[in-house]
Amino acid sequence: MAGLLLTCEKIMMPECEVELLLVAARQDVEAARQISYWAGRLLAAYEARRQLAGLPPTMVLDAMRRRP
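Residues in the sequence shown are numbered consecutively from -10, following my numbering.
It should be emphasised that the hints constitute simulated quantities derived from the structure, not laboratory data.
Please note that a few of the clues may not be correct.
[To be verified] The following label-pair restraints were derived from C-beta to C-beta distances:
| id | residue 1 | residue 2 | range |
| --- | --- | --- | --- |
| 1 | Leu11 | Pro45 | 49 to 57 Å |
| 2 | Pro57 | Tyr35 | 23 to 31 Å |
| 3 | Met53 | Met2 | 57 to 65 Å |
| 4 | Arg39 | Arg15 | 31 to 39 Å |
For glycine and all other residues, C-beta sits at the position ideal for the given N, C-alpha and C.
Given the sequences, and given the hints that come with them, work out the whole structure.
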């Protein structure tokens, strides 16, 4: 199928270029998945920090001392 031209709205592109675009699209999807994962982790860390900030300092220090 080498050399086959695909058309979409009067745009002609060799098949190899289409394959490269598909590879790039898959990489973009993976990057978006990783960004979403880390955004969730950062949000959880922010929420934990916010909750800790609301506790009395002595309670936080006591909890840290008891940590294994």
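23 to 31 Å as the expected CB spacing between Tyr35 and Pro57, which holds or is violated: Check passed, 25 Å falls within 23 to 31 Å.
Do the beta carbons of Leu11 and Pro45 sit within 49 to 57 Å of each other? Holds: the Cβ-Cβ distance is about 56 Å, inside 49 to 57 Å.
Pairwise beta carbon distance, Arg39 to Arg15, judged against the given window 31 to 39 Å: holds, 36 Å
Return holds or violated for the Cβ distance of Met53 and Met2 against the range 57 to 65 Å. holds, 60 Å
Hint compliance for this structure: no hint is broken.
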